[in-house]
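*Asks:* These protein sequences, in sequence, are chains A and B. Our numbering puts the first residue of the first sequence at 1, with every later residue one more than the last. Our numbering puts the first residue of the second sequence at 1, with every later residue one more than the last.
Just so you know, the hints here were simulated from the structure itself, not pulled from any lab data. Keep in mind that a hint or two might mislead.
To give an idea of the chain B side of the interface with chain A (calculated C-beta under 8 Å), a few residues [what the hints assert, rightly or not]:
no., residue
1, R18
2, D21
3, R36
4, A39
5, P42
6, R47
7, E51
8, T52
9, Y58
10, A88
11, V90
12, A91
Since the model is a prediction, treat every value here as computed from it, not as a measurement. Glycine residues also receive a C-beta, built at the ideal position from the N, C-alpha and C atoms.
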Amino acid sequence: MASLLLAIGTRKGLWFARSDDDRRTWSLEGPHFLMREVPAIAIDTRRAQPRLLVGVRSEHWGPTVMWSDDLGDSWHERDEGAIRFPADTGAALARVWQLQPDAARRPDVVWAGCEPTSLWRSEDGGESFSLVRGLWDHPHRSEWAPGYGGAAVHSVLADPDSERLRVAMSTGGVYASDDGGTSWRASNHGISAYFLPNPHPEFGQCVHKIAADATGIGCLYAQNHHGVYRSDDAGRTWMPIEDGLPSNFGFTVMAHPSTPGIAWVVPLTADSERVPPGGRLRCYRTNDAGGSWNEVGSGLPDRCWVSVLRDAATVDDAEPTGVYLGTRDGCVYVSRDEGDSFALVAAHLPDVLTVRAAELG
Amino acid sequence: MVAVLLPGALQQLAGGARRVDVDVPSDGTVGDVLFRLGAAHPALQRRLLDETGTVRRYVNVYVDGSDIRHASGLATPVADGAVVHILASVAGG
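With these hints in hand, go ahead and build the complete structure from the sequences.
*Replies:* So, in structure tokens, the structure goes:
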């Protein structure tokens with residue numbers, strides 16, 4: 001039985017939970033980086049020895065990227081920093097929001113989405129990154145505005161079979177590149193920006209998270225700042241898929257890694273009421289790419305008034321797929337039956353910012 | 001020579017030293033001190049200054065007991081024998 005590693009990034013440190021019995025019981029270990037927030041984690045299983053990558057930020061001493069090749073026993077960083085804005089940009093790294101290993105056929109490529117709004121590419125497994133100039137120099141840049149959490153690229157999707165990339169930023173929306181990041185276009189047609197005078201702009205949407213269907217980057221899901229959408233043309237156009245949900249607001253969306261059409265969202269009541277509807281924390285799962293939704297998640301709490309942030313939800317690569325949710329009151333729940341039921345893995349941690357899980361060989 | 005006193009959280013980035021002596025010119029500034037310190041300990045410099053060379057918001061730097069934010073910032077002069085004291089400000093929740 002393979003071991004399952006769950007990494008939990010919080011406002012005040014990093015914890016690991018590990019299960020050796022198919023996710024029935026877990027042992028919790030930590031904290032690492034106590035009193036530093038960990039908003040980005042990647043478990044890169046493309047290597048013979050899995051590499052952990054974390055974005056860490058100290059309120060005092062700033063952000064950095066660190067890696068571990070021994071599952072957290074030791075951590076390393078480049079003296080000069082993995083991510084440094086070139087001098088001509090006049091910018092400084094504020095926070096690493098996303099660390100995303102590329103496909104197996106590009107084994108050393110890792111992407112980073114950062115604040116201020118930027119995308120970075122590493123060709124050495126995440127030890128150092130280069131600014132993706134095509135996006136940084138995009139003429140829309142001056143009009144990208146920070147959401148409440150800051151102005152950042154928070155979602156990065158790389159097509160394993162081509163040079164296509166899709167990113168999402170708040171605010172700004174979805175941007176698409178078909179040439180590995182050299183050129184970019186806004187890709188928001190159909191997504192509402194109801195909070196703007198023109199609710200259907202080319203860009204400026206507040207897309208909270210995007211995920212690629214198991215069929216690949218041609219089919220995408222988006223949880224917007226009000227609005228749940230699907231694209232069947234790699235993001236060129238979007239259609240609403242929110243019928244059957246109790247709310248179209250939320251922060252996260254997850255797609256099944258191997259079964260087409262399955263995705264999950266975690267609805268919150270509204271922009272003005274960022275708590276689970278009726279105080280019942282639940283997942284909603286679609287088995288038909290958003291044609292219909294079913295409430296799932298027995299074992300998740302009632303009388304619960306906390307939210308799940310955009311990266312505090314993930315799926316694993318085990319069979320059947322595990323679903324993980326972390327809450328702002330420091331609880332982490334795991335489902336080993338694709339969301340039907342959940343059990344508590346950890347409680348009383350600091351606010352959970354991100355969770356990532358992977359099977360270790 | 002100027003003495004730089006480091007907080008505990010940063011000492012491992014300077015080989016474990018609480019005090020690091022930095023040689024600066026007679027008309028040197030706090031900026032000279034921090035950049036020379038950073039040349040020897042780049043990971044330490046990143047904790048103090050961002051890529052634009054700005055002192056991080058919650059890093060406080062004192063020269064002989066005076067906050068450089070109330071003087072001339074990184075252009076604050078440092079005399080030979082001065083003590084540059086780096087402290088974390090009271091911040092966080």
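*Asks:* Evaluate each hint against the coordinates.
*Replies:* For each hint, the structure was consulted:
1. R18: Given a least distance of 17 Å, the restraint on B/R18 is violated.
2. D21: violated, 21 Å
3. R36: With a minimum Cβ separation of about 16 Å from chain A (threshold 8 Å), the hint on B/R36 is violated.
4. A39: violated, 11 Å
5. P42: holds, 4 Å
6. R47: holds, 4 Å
7. E51: Since the shortest Cβ distance to chain A is 5 Å, the answer is holds.
8. T52: Cβ of B/T52 sits 5 Å from chain A, so the hint holds.
9. Y58: holds, 5 Å
10. A88: This hint holds: B/A88 lies near chain A, its Cβ roughly 4 Å from the closest one there, short of 8 Å.
11. V90: violated, 10 Å
12. A91: holds, 5 Å
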